[in-house]
Amino acid sequence: MNRDWESFQSRRDRTFPEYATAVFEIFWPAGQSSLLGRDGLRSGIPPEQDLLIITAYNPGLQRPDSISNQLQNQRLKEALSTAGLSFYECVGRSPDGLHQEPSFAVALEEVRGREQLAYVASVAGRFEQSAIFLWNSRLRKGQTIWLAEPSGDSP
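Number 35 in the numbering used here belongs to position 35 of the sequence shown; there are no gaps in the numbering.
Please note that a few of the clues may not be correct.
As the list claims (entries may be wrong) - Pairwise CB distance ranges, derived in the manner of DEER restraints:
1) Ala118 / Asp96: 18 to 24 Å
2) Pro95 / Ile145: 30 to 36 Å
3) Ser66 / Gly40: 27 to 33 Å
4) Asp65 / Glu115: 30 to 36 Å
For the record, the hints were derived by calculation from the structure and aren't laboratory data.
Ideal Cβ positions, reconstructed from N, Cα and C, are used throughout, including at glycine.
Sequences are here, hints too, so could you generate the full structure?
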């Protein structure tokens, strides 16, 4: 199984190389922000809890128009709200800022974090996303969590 998983991860990394360098800017209610990447906190205040970052923009290899992306992200926001999840506005972007996708940083509760991760991953799948980003507040590092494509691209 380990070889299958490594092969899956490798295929996803080749298909979406931009995920390796993506950064995520989270906008906190008090007007502060945090800039996170796989390698850790880039600037701002360190998040105090684990976060899952999700968007509905640009599902998989598709590139819908701006209005379609905005509508899908609004539906995603409604799904997160309906589920009673705490989340913050955020932007996933390239380091140079040339590509940006409005996103949401879902705060994972200590007690229910695993269930919330599973729920958010399933919602991301419904919105045909290829990955979500997990911020580990204890390690102060992030990681891409790849999702299987409906076509069966899985470990």
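Under the constraints set out in the numbered hints, which ones does this structure not fulfil? 1, 2
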